[in-house]
Amino acid sequence: MSEKALRPPRPVASEGPLARAALIAVALVFLSLFLFLPLVVVFWEALRNGLGPYVAALAEPDALASVRLTLLVAVISVPLNLVFGVAAAWAVAKFEFKGKSLLVTLIDLPFSVSPVVSGLIYVLLFGAHGVFGPWLKSHGVEIIFAVPGIVLATVFVTFPFVARELIPLMQDQGSLDEEAALSLGANGWQTFWRITLPNIRWALLYGVLLCNARAMGEFGAVSVVSGHIRGLTNTMPLHVEILYNEYNSVAAFAVASLLALLALATLIIKTLLEIFYGDGLANSSRRH
Amino acid sequence: MTFAFRQKTALPGFHLALGYTLVYLSLIVLLPLAALVLRTSSLGLAGIVDLALQPRILASLRTSFGIAFAAAAFNAVFGLIVAWVLVRYDFPGRRFLDAAVDLPFALPTAVAGIALAALYAPTGWVGGLLEPLGLKVAYTPLGIGVALVFIGLPFVVRTVEPVIRELEPEIEEAAATLGANRGQTLRRVILPALLPAIITGFALAFARGVGEYGSVIFIAGNIPYVSEIAPLLIIVRLEEFDYAGATAIATLMLVAAFAILLFINLVQAWSRRRFGYV
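Protein chains in written order, with numbering that gives the first Met the number 0: chain A, 0 to 287; chain B, 0 to 277.
No lab work stands behind these hints, which were simulated from the structure alone.
Please read these numbers as outputs of a predicted model, since none were measured by experiment.
We put the CB at the ideal spot given by N, CA and C, even for glycine.
Don't take each hint at face value.
Label-pair distances were calculated between CB atoms; the ranges are [said to hold, decoys possible]: (1) 178/B to 96/A: 52 to 62 Å; (2) 276/A to 261/B: 29 to 39 Å; (3) 245/A to 93/B: 49 to 59 Å; (4) 96/A to 261/B: 48 to 58 Å; (5) 227/A to 95/B: 31 to 41 Å; (6) 262/B to 275/A: 31 to 41 Å; (7) 182/A to 261/B: 42 to 52 Å.
Stretch by stretch, here's where chain A covers chain B in the computed footprint (C-beta under 8 Å, at least three residues) [to be verified]: (8) 32-44; (9) 80-86; (10) 129-142.
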């Protein structure tokens, strides 16, 4: 048989080579205009005057203060939502109870609320004219226009991330492993630490990764509650806004480039998790 | 006392886990949302409608909803093409493109905002090319559309992709052997099967676009009655200490968000009945 005959016939269930090339070209142009060029512009504008001004912009005290605040907010809010995510997933995935689907809907609720509204609700609750405003004021507690408000708003917008990664995975995994451990004499916490946690570790990391990216990058909700006090209540995204509005473009893009690097690192780790540990992730997150 | 509503299982920790979940959920999500509902109910339905009919608020709502709708429709078309190309064709860099689609989820909105503004400004790389054609993007409603296309893109691609992957090639082959040409197969066999996913992706992108703030305000120009989005007007009202106005806009947006959520659930229920998958 000649080599030619071995080649599979052109599949009927596909487009011709010309249509393929055209569609790929359309997708590439579209993604370039809306994804890649914006990303490149960040670094281009940040380094437009060379490395010196770039480094100087990052070493500036207000910029450093914004980095510190962003890290602080993430360090508080991510673990809070991590513990909640595990508790919620344990309750939802391992037990049957009435109102479960309502609970799952409520957990996802913050994703459907506009970031600005997410900030507003805390102002209505804790602001000077809010429900608890007068009481807080008479007790000297500051929440709005201070760090606690920023943390609360961040916790709200990142609320569902860990839970929604864990719930489908733990539902898939069932309870057989845990039941075996219990029947062999392990107590509840031993079962959780030695059986459940290793089973869900990659999904947990995946959820924490996405939660952290959003916590460090949140703008709208934080903007409403922050008060924009330079060096005190400005997170990195808010600092970017201030610099940009002062026409200090290089400095704005320099701080923005750090956030862009964070986004790139998040995407890379996320993709690696999907490739190497896809089996340990929820179905919806498995992609490769 | 036993909780009759719980099924028997050997696993411990139900009360602790559920109790913690409910307390935390109430403190972080339900209580603050209740504050909004409380404030809204003190305005009354007539009060809300009165406020919403103020020309500036009405204009901002029209801007937010109208442009979010157009951007989501744009994404439905191009997101479908991207998803199709990523699933069906093999070409160098496919994996990379697939991972890159999530960029709008990962990139902070403020960063996206200033980058898009710089790119589509008259002096920017793309804006400079469009300017001679008489097309102004940045600081016009068109700029809002660009930002919302960026933000909504992954919703469509990620919703449609798995459904394309699940399509059985036998069905397309059957259509071909029955005499359909490729265009007919795409239009009459594949597109109907993808439609629920496309609608869901469209609705998710639309919902996100309506509430989006960070990526929009830098490129929008923010001119009242022209390019001022509803979330920005909430902040403007707050800064004027007009809590009633801010609450009214927020309530309308929240109601719209829930309506879209309900719509998505209906589409998925319909899809499950009709096609057996979401």
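message = Please list, smallest to largest, the hint numbers that this structure does not respect.
response = Structure breaks hints 3, 4, 10.
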